[in-house]
Amino acid sequence: MRVERARYFLAALRTGSLRSAAAACGVSQPTIGQQLTVLEEELDVVLLTRSPGGVRATPAGEALVGPFTRLVAAEDAVCEAALASNGTYQGRVSIGGGSVTVETIVAPVVGRLLADHPGLRFSVREGPSGDIESAVLGGELDLGVVTTPDEPAPSGLARRRLMTAPLGVHTRPDHPLAQRGEVTWNDLEHFPIVTMRPGTVLHQRLRKHLPKGQVMVEAMSARTVQTMVARGAGIGLLARFDTRGTAGDLTWLPLADTEPVEVSLVQRADSQPSRSAIVVRRLITARADELAGRQA
Numbered sequence: 001m002r003v004e005r006a007r008y009f010l011a012a013l014r015t016g017s018l019r020s021a022a023a024a025c026g027v028s029q030p031t032i033g034q035q036l037t038v039l040e041e042e043l044d045v046v047l048l049t050r051s052p053g054g055v056r057a058t059p060a061g062e063a064l065v066g067p068f069t070r071l072v073a074a075e076d077a078v079c080e081a082a083l084a085s086n087g088t089y090q091g092r093v094s095i096g097g098g099s100v101t102v103e104t105i106v107a108p109v110v111g112r113l114l115a116d117h118p119g120l121r122f123s124v125r126e127g128p129s130g131d132i133e134s135a136v137l138g139g140e141l142d143l144g145v146v147t148t149p150d151e152p153a154p155s156g157l158a159r160r161r162l163m164t165a166p167l168g169v170h171t172r173p174d175h176p177l178a179q180r181g182e183v184t185w186n187d188l189e190h191f192p193i194v195t196m197r198p199g200t201v202l203h204q205r206l207r208k209h210l211p212k213g214q215v216m217v218e219a220m221s222a223r224t225v226q227t228m229v230a231r232g233a234g235i236g237l238l239a240r241f242d243t244r245g246t247a248g249d250l251t252w253l254p255l256a257d258t259e260p261v262e263v264s265l266v267q268r269a270d271s272q273p274s275r276s277a278i279v280v281r282r283l284i285t286a287r288a289d290e291l292a293g294r295q296a
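Counting from 1, position 235 in the sequence shown corresponds to residue 235 in this note's numbering; the numbering is continuous, with no gaps.
Hint data in this document are derived by calculation from the structure and do not stem from the laboratory.
These numbers come from a predicted model, not from an experiment.
Among the hints, a few may not be true.
What the hints assert, rightly or not - Estimated spans, in silico, between C-beta atoms of each pair: (1) Arg207 <-> Leu177: 15 to 23 Å; (2) Pro176 <-> Arg275: 52 to 60 Å; (3) Gly111 <-> Met216: 29 to 37 Å; (4) Arg19 <-> Arg92: 32 to 40 Å; (5) Pro30 <-> Asp270: 21 to 29 Å; (6) Ala74 <-> Thr31: 17 to 25 Å.
Glycine is no exception: its CB is placed at the ideal position from the N, C-alpha and C atoms.
Whenever a hint applies, use it, and build me the whole structure from the sequences.
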């Protein structure tokens, strides 16, 4: 069995459609569909159910997610060892992202690079999604990890969906909303709100759904939002990337009437990343898959 087919299967589950999986893997949709059919024939099981709304794993497919993930990781480890042996990690990679994506996705990747590949040099820049995408498009950054703007990608920029994160609010335990299982936009209308600064996807969502909301603080980072909430400045509008726990003593409440926030890896569409950047991209994808698995 070709490991490539396992990658296609995992990409289809991650993106939710064969079309998106094909774009993420750099092949045509007919190719990925054909290869998944061959994989099912090889294993004599049906892995995916296909519908106009996308693809979903069958029970057999769900059972094989773990083994396929380990298989792909094993091949990646072999490739990384081979690349490291010929000096691939002597280059420099520049990465950009928002405060949350840098903290939850990029930082663990950087930590691994420092530990395993000390010869590789890199830089990390934080900023709003639009600024990061512009820097990637202009060649200032090799890769970006951003919360996906609602607008289509600019010409020349390729977005690859990594994961989605639920949108909701943090509150203090003594807040009137804290005992609810979930909230709606209307529930937030009469309370002070702390959220991210203008230019971010969260700020755009807030102004779209709650144009008259009482925004008290427009923060530079998710950590500042949480600190302000803990100090009583209001309720904090944030996407939740890691479900292992809520910061401090805050309570997390999902927003029931909104779409999740999408996270994308962005790069220039008209140029081939360096081999070092490809390795970093692979690690970023693996980290996003790990976080997505915790949400499942």
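Now the hints, each set against the structure:
{"no.": "1", "hint": "Arg207 <-> Leu177: 15 to 23 Å", "result": "21 Å, holds"}
{"no.": "2", "hint": "Pro176 <-> Arg275: 52 to 60 Å", "result": "54 Å, holds"}
{"no.": "3", "hint": "Gly111 <-> Met216: 29 to 37 Å", "result": "34 Å, holds"}
{"no.": "4", "hint": "Arg19 <-> Arg92: 32 to 40 Å", "result": "34 Å, holds"}
{"no.": "5", "hint": "Pro30 <-> Asp270: 21 to 29 Å", "result": "24 Å, holds"}
{"no.": "6", "hint": "Ala74 <-> Thr31: 17 to 25 Å", "result": "24 Å, holds"}
Checked against the numbered hints given earlier, this structure breaks none of them.
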